[in-house]
Amino acid sequence: MDLIKPGISLDFVGKMKYAIIFSAVLIIICIGSVIFRGGLNLGIDFAGGTIVQVKFQKDISADEIRDALQETVLENSIIQQFGTNEFLIRTAEMLHDQELLNANVQKPLSTAFNEDYEIRRVEVVGSKVGMDFQRKAIFAVIVSWLAMLIYIAWRFEFRYGLGGIIAIIHDVIIIIGAVSILKIEFTISILAALFFVIGFSINDTIVVLDRIRENVKLHARKKLADLINLSINQTLSRTILTSLTVFLTVLSLYFFGGPVIHDLSVALLVGVVIGTYSSIFIACTIVLFFENVQKKGR
Amino acid sequence: MFTSLKVRISIALIVFLGAIVFLLPSFVENVPSPWNKYLPKEKIHLGLDLQGGMHLVLEVDTEKALESMLERQSENLRESLMDNKVRFRNLETVKGPMISMELTDPAARPMLETILREEYLDLEIASSRTRDSGQLIKIKFLDKRAMEMHRLTVEHSLETIRNRVDQFGITEPEIVPQGDNRIMVQLPGIKDPERAKNLIGKTALLEFKLVDDEHSLEEALRGNIPEGSVIAYGWHGDRVTGQRGSVPYLLKSRALLTGASLETARVQISDRFGEPTVSLTFNPQGATDFDRITAENVRRRLAIVLDGIVHSAPVIQERISGGQAQISGNFTLEEARDLAIVLRAGALPAPVNILEERTVGPSLGSDSIKQGIMATIIGSLLVIFFMIFYYRLSGTIADSALIMNIILVLGVLAAFRATLTLPGIAGLLLTVGMAVDANVLIFERIKEELRTGKTIRLAIDTGFKRAFITILDTHITGIVSAAFLIMFGTGPVKGFAVTLIIGLLASIFTAYFVTRVLFDYSTSKFNIKKLSI
Numbered sequence: 005m006d007l008i009k010p011g012i013s014l015d016f017v018g019k020m021k022y023a024i025i026f027s028a029v030l031i032i033i034c035i036g037s038v039i040f041r042g043g044l045n046l047g048i049d050f051a052g053g054t055i056v057q058v059k060f061q062k063d064i065s066a067d068e069i070r071d072a073l074q075e076t077v078l079e080n081s082i083i084q085q086f087g088t089n090e091f092l093i094r095t096a097e098m099l100h101d102q103e104l105l106n107a108n109v110q111k112p113l114s115t116a117f118n119e120d121y122e123i124r125r126v127e128v129v130g131s132k133v134g135m136d137f138q139r140k141a142i143f144a145v146i147v148s149w150l151a152m153l154i155y156i157a158w159r160f161e162f163r164y165g166l167g168g169i170i171a172i173i174h175d176v177i178i179i180i181g182a183v184s185i186l187k188i189e190f191t192i193s194i195l196a197a198l199f200f201v202i203g204f205s206i207n208d209t210i211v212v213l214d215r216i217r218e219n220v221k222l223h224a225r226k227k228l229a230d231l232i233n234l235s236i237n238q239t240l241s242r243t244i245l246t247s248l249t250v251f252l253t254v255l256s257l258y259f260f261g262g263p264v265i266h267d268l269s270v271a272l273l274v275g276v277v278i279g280t281y282s283s284i285f286i287a288c289t290i291v292l293f294f295e296n297v298q299k300k301g302r
Numbered sequence: 009m010f011t012s013l014k015v016r017i018s019i020a021l022i023v024f025l026g027a028i029v030f031l032l033p034s035f036v037e038n039v040p041s042p043w044n045k046y047l048p049k050e051k052i053h054l055g056l057d058l059q060g061g062m063h064l065v066l067e068v069d070t071e072k073a074l075e076s077m078l079e080r081q082s083e084n085l086r087e088s089l090m091d092n093k094v095r096f097r098n099l100e101t102v103k104g105p106m107i108s109m110e111l112t113d114p115a116a117r118p119m120l121e122t123i124l125r126e127e128y129l130d131l132e133i134a135s136s137r138t139r140d141s142g143q144l145i146k147i148k149f150l151d152k153r154a155m156e157m158h159r160l161t162v163e164h165s166l167e168t169i170r171n172r173v174d175q176f177g178i179t180e181p182e183i184v185p186q187g188d189n190r191i192m193v194q195l196p197g198i199k200d201p202e203r204a205k206n207l208i209g210k211t212a213l214l215e216f217k218l219v220d221d222e223h224s225l226e227e228a229l230r231g232n233i234p235e236g237s238v239i240a241y242g243w244h245g246d247r248v249t250g251q252r253g254s255v256p257y258l259l260k261s262r263a264l265l266t267g268a269s270l271e272t273a274r275v276q277i278s279d280r281f282g283e284p285t286v287s288l289t290f291n292p293q294g295a296t297d298f299d300r301i302t303a304e305n306v307r308r309r310l311a312i313v314l315d316g317i318v319h320s321a322p323v324i325q326e327r328i329s330g331g332q333a334q335i336s337g338n339f340t341l342e343e344a345r346d347l348a349i350v351l352r353a354g355a356l357p358a359p360v361n362i363l364e365e366r367t368v369g370p371s372l373g374s375d376s377i378k379q380g381i382m383a384t385i386i387g388s389l390l391v392i393f394f395m396i397f398y399y400r401l402s403g404t405i406a407d408s409a410l411i412m413n414i415i416l417v418l419g420v421l422a423a424f425r426a427t428l429t430l431p432g433i434a435g436l437l438l439t440v441g442m443a444v445d446a447n448v449l450i451f452e453r454i455k456e457e458l459r460t461g462k463t464i465r466l467a468i469d470t471g472f473k474r475a476f477i478t479i480l481d482t483h484i485t486g487i488v489s490a491a492f493l494i495m496f497g498t499g500p501v502k503g504f505a506v507t508l509i510i511g512l513l514a515s516i517f518t519a520y521f522v523t524r525v526l527f528d529y530s531t532s533k534f535n536i537k538k539l540s541i
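These protein sequences, in sequence, are chains A and B.
Counting in the working numbering, the first sequence runs from 5 upward without gaps.
Counting in the working numbering, the second sequence runs from 9 upward without gaps.
The hints are simulated quantities; they were obtained by calculation from the structure and are not laboratory data.
Backbone N, C-alpha and C fix where the C-beta goes; we use that ideal spot for every residue, glycine too.
Each hint should be verified, as a subset may be incorrect.
Stated by the list, open to error - Simulated crosslink set (DSS-like; lysine-lysine; CA at most 25 Å straight-line):
#1 B:K473 <-> B:K538
#2 B:K72 <-> B:K152
#3 B:K537 <-> A:K9
#4 A:K187 <-> A:K59
#5 B:K210 <-> B:K260
#6 B:K210 <-> A:K9
#7 B:K199 <-> A:K59
#8 A:K9 <-> B:K455
What the hints assert, rightly or not - Computed Cβ-Cβ distance ranges for the label pairs, DEER-style:
#9 A:A229 <-> B:S374: 41 to 47 Å
#10 B:L401 <-> A:H223: 32 to 38 Å
#11 A:I142 <-> B:K152: 51 to 57 Å
#12 A:A229 <-> B:T404: 39 to 45 Å
#13 A:F162 <-> B:T404: 38 to 44 Å
#14 A:A116 <-> B:I385: 47 to 53 Å
#15 A:D120 <-> B:S374: 44 to 50 Å
Said to hold, decoys possible - A few chain A positions that, by computed beta-carbon distances, are all more than 10 Å from chain B:
#16 V29
#17 I31
#18 R41
#19 G43
#20 A51
#21 Q61
#22 A72
#23 N80
#24 Q85
#25 A107
#26 I173
#27 I185
#28 A196
#29 H223
#30 A224
#31 E295
Taking the hints into account, I'd like the entire structure generated from these sequences.
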């Protein structure tokens, strides 16, 4: 069976300028959203604070919980539905102390809803640890870019490395933007999604770059633009197949993985689509761009 | 490589069976008797997010430990100086931590230096300034010594916490140092997080101090604390009303005896009120000291101070030589039991602060497992059916490699006692998606080769050869990007990275080696005219 007809020749290179415009607009929207919302909505992993996950026996709305928590330190906390009859209460306060937790969560909830609830999870992260994680996260993302750049530059050529690296920077910006637009909390789970997409996207990019390298050796006389187009077409069916299978697994995580990894799977869904797109349209465009620059330079 | 097909089949089978052997304990409850001796017993280790439990990151306040050690040195120094008739004033510990003092006679400076050199090898003069009234001198620990104390304090804290947790009776706790002055504690399946937190975080510094009867408490409370004394508070409980109030005491700052002199501590129920108390037994040296202290101070009051709080201050009626003492004071049975544990395990050398705390209830954990397994099964089935639908018979070969990949990852997790977390399960499912990629690369390449008119054997051969370089490059970059996540020490996400890395490594093996063996086996066994791909 063939998804893509053998010998197909779609004109990808010709569409590259539209792709660049599309990506540029997307990136502006993403950065705009982050700025407009006053930075990322950092979860307690990075910002410090407390989350309490509570499950109720019966139907209850977030507003009822907010009412119950009036006049406690959790008055201004963020209350968010989390699965059926289950809620996350998030605050910047540090409820390390059981007495604080009793006074501000258990007591008011018990008064309002009897004992028909269960505290399923409590996480408290100090701001010092949060800052540590922030620093580590930024460091890890940037160093991972450099590592990819070095590896590809070593295995291929420097401009191939640049193509790959710019493609994943593009992906990271768009996922962060999507997280911001969808008002998802930026937690360590989202960071994990980010790293998975970096791996996935570079994987896709390398497959295409690898084919370009091979074709350059085979047809030394042809123009690079044509060879890139040929390579994208040759690898197109594998690109689509793989993205499809990974997409299927992520979809299954999204629907069946439960609320704890819901945000993670949303970020992955966005990432898989954007990672596939970027390896064709961003990575290859950059490689071609540097080829033209080099020619002009000569 | 291994050219003989038989050898390659055996290698694949051995790896496959090895993984299954390591997985057996996780899936089979009772292995029949002659076998269970030889099989591994380790089950797949579940993360706290899957089995419920508590994750703590503690920071050891080594600065405090240094301060109190210097405090003790300053008390000794005060005596040494007096013994040697060196005149000084305003001797106190100040921020830094440093001992600050004023020599009234600058000529005494060489004497001070001699005392320091001969008796206080850890101390050195940090600065000195001459004033009209004398010489202002600041003394600190040698840098080398301070660093060593810092390290020892963290080590000692770790050891103490380990002892306490062991005595509390938690199965498979994990207590490891993290960074410079942090300790990570993981307690799976804990039911009462508050109790555990108290048990771990309590400094449990037990001190016996004399009550200062020579000076007036009222005067001290007004701010005129006599030199060598401190104010401490205790709880006064009213058994009838149940109300608690705080009571001030004026104590001599020097501790006559500390918890370090204890042999053991036990819970006892007092006869009178049926109230639990903690009975202490001193070690031989402690018993001798206690005997001497009580003999010297009959009719005076001896305060029992725990973490700065006065628990009781009974009057010493007579000399006590049995080496026994008791702490009473409104405990519940549970509190008394925990206090006995922390006293037995010893005091923490420094206070610890909780930096990070994550508690997951067992019900959430079991929900997460169910959902994670559900997602994995459905996701894998989708991929498996898709591969058969698209690649027909070759698809089944890819699927066998895929299933082997899953088994291999789980087997490696079990064998290396790595932890499976919920994001780890997600990682496992994602490797399923990624492992297929290697097969897709190979199959698409074989198809291309077939189209150029090559024979089946040759097409398979070139397909594998060409695809291998790509597979290697893609997998290595994937592993590199996952490796950066391992930096994030916290359990769940680390689990994600670990399963991804193991999955990618397994995928290189299954996709390239196992799939190849299966292809070669079927093409050699059956005379295939047309490859179903």
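Fill in: Beyond 10 Å from every chain B Cβ - status for I31 of chain A
21 Å, holds
Worksheet item: Does I173 of chain A really sit off the interface, with its C-beta more than 10 Å from all C-beta atoms of chain B?
Response: 13 Å, holds
Item to complete: Determine whether the Cβ-Cβ distance between A229 of chain A and T404 of chain B falls within the hinted range of 39 to 45 Å.
Response: 40 Å, holds
Discussion item. Over 10 Å from every CB of chain B: does G43 of chain A meet that, or does the non-interface label fail?
Written reply: 21 Å, holds
Discussion item. With the threshold set at 25 Å, check whether the alpha-carbon distance from K187 of chain A to K59 of chain A stays at or below it.
Written reply: 23 Å, holds
Worksheet item: Any Cβ of chain B at or closer than 10 Å to R41 of chain A, or is the non-interface label fine?
Response: 24 Å, holds
Item to complete: Measuring Cβ to Cβ, find out whether A51 of chain A lies farther than 10 Å from everything in chain B.
Response: About 13 Å separates A51 of chain A from the closest Cβ of chain B, which puts it past 10 Å; holds.
Worksheet item: Given the hint that K537 of chain B pairs with K9 of chain A, does the C-alpha gap stay at or below 25 Å?
Response: 23 Å, holds
Worksheet item: Can we trust that V29 of chain A is non-interface, i.e. its beta-carbon lies farther than 10 Å from all of chain B?
Response: Holds, because the least Cβ-Cβ distance between V29 of chain A and chain B comes to about 27 Å, which exceeds 10 Å.
Worksheet item: Is H223 of chain A truly not at the interface, in the sense that its beta carbon sits beyond 10 Å from all beta carbons of chain B?
Response: With a cut-off of 10 Å, H223 of chain A remains clear of chain B, as the shortest Cβ separation is near 15 Å.
Practice prompt. Given the hint of 41 to 47 Å, check if A229 of chain A and S374 of chain B actually sit that far apart at their C-beta atoms.
Written response: Violated: the Cβ-Cβ distance is about 57 Å, outside 41 to 47 Å.
Discussion item. Using Cβ atoms and 10 Å as the threshold, tell me whether A107 of chain A really stays out of contact range of chain B.
Written reply: Per Cβ check, A107 of chain A is outside 10 Å of chain B; nearest 13 Å; holds.
Comparing the model with each numbered hint stated earlier shows that hints 6, 9, 11, 14, 15 and 28 do not hold.
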